[in-house]
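Generate coordinates for the entire structure from the input sequences, incorporating the hints supplied.
For the record, the sequence lines run as chains R and H.
Sequential numbering from 1 applies to the first sequence in the numbering used here.
Sequential numbering from 1 applies to the second sequence in the numbering used here.
Think of the hints as simulated: they come from the structure by calculation, not from any bench.
Watch out, some of these pointers could steer you wrong.
Pairwise CB distance ranges, derived in the manner of DEER restraints [said to hold, decoys possible]:
| hint | chain 1 | residue 1 | chain 2 | residue 2 | range |
| --- | --- | --- | --- | --- | --- |
| 1 | H | 90 | R | 1 | 33 to 43 Å |
| 2 | H | 113 | R | 50 | 14 to 24 Å |
| 3 | H | 113 | R | 115 | 56 to 66 Å |
| 4 | H | 70 | R | 132 | 54 to 64 Å |
| 5 | H | 69 | R | 52 | 38 to 48 Å |
Ideal Cβ placement from N, Cα and C applies to all residues, glycine included.
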Amino acid sequence: MAAEFEVQKALYAAINGLGYVCYDAAPQAADGGSAASFPYVEIGAIVMVEFDTAYETGFDFVARIHTRSRSGAMKETKDIQGAIYARLHRGTLAVTGYNTILIQREASDVTRVSDGSFHGVCEYRGLIEYAG
Amino acid sequence: MAKAAGRTALVKKGATVIGGVRVSNIQVDYTPIDVTDNDSAGLQELLDDYGTGVLSFDVEGIEKDAVLRDIAFTPATSKMLSDMTFTFGSADVGADVIAGDFFMLNYKEGNDYKEATTFSCSFTSSGTWTLS
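Have a look at this one:
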């Protein structure tokens, strides 16, 4: 299976294990609004570049983790981001078919969206090598 | 002769390919015997034999299997290795494997807190070597 998908699966399992609603792509209502269950986490873009050696293959990736909240303040978003940080930063990530060398948070941000909700974005960088 | 990708060069200890290698270099140096004298008309004159021939190679990459680390950091282990080989990447060349006795000159690991552990190691020949 593609490394991109395996990384996404691993992130989903880790975040879902914290008890948060987690989406690949948040569901949309028929009227164009959100049909997602707030608060939720969405696994966004995963950008992968090669992390090969002469005889092995691997990937250096950055995964963007979105947190969406309709709470009246940023705290809920930040609490969720903090829980994900505690789970992932310098932690373990079980990527099927790969050995995880490291996973760490590189950046974190929260902004207010025009509809009044909050949108948090965290970027996690990881290194994986093919285990075959 | 076809061009070769650098990654196809192999450094082995016995049958074990050294893992994690990203760059390998090999070179040979010959020191000539200078017999320049007053009869040389002001030009350097060398014998057709060399004084000293040295073959050296080095590897660097992502530390993986501790094969070289164990040798380097165990003082009682001889640094004179008789089972190191360097295989050139150009597989269509008849003679492409260098073998001989090689002394481990140095070994170094780097530990950037945000990166994978790196290593580098270099070897120099003792006595003759073969190309087969």
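Hint-by-hint comparison with the structure:
1. Taking the beta carbon of each, residue 90 of chain H and residue 1 of chain R are about 35 Å apart, inside 33 to 43 Å as hinted.
2. For residue 113 of chain H and residue 50 of chain R, the Cβ-Cβ distance of about 22 Å falls inside the hinted range of 14 to 24 Å, so the restraint holds.
3. Distance hint check: the CB atoms of residue 113 of chain H and residue 115 of chain R are about 40 Å apart, inconsistent with the given range 56 to 66 Å.
4. Judged by the Cβ atoms, the range 54 to 64 Å given for residue 70 of chain H and residue 132 of chain R is violated: they are separated by roughly 24 Å.
5. Residue 69 of chain H and residue 52 of chain R have their C-beta atoms about 21 Å apart, which leaves the hinted 38 to 48 Å range violated.
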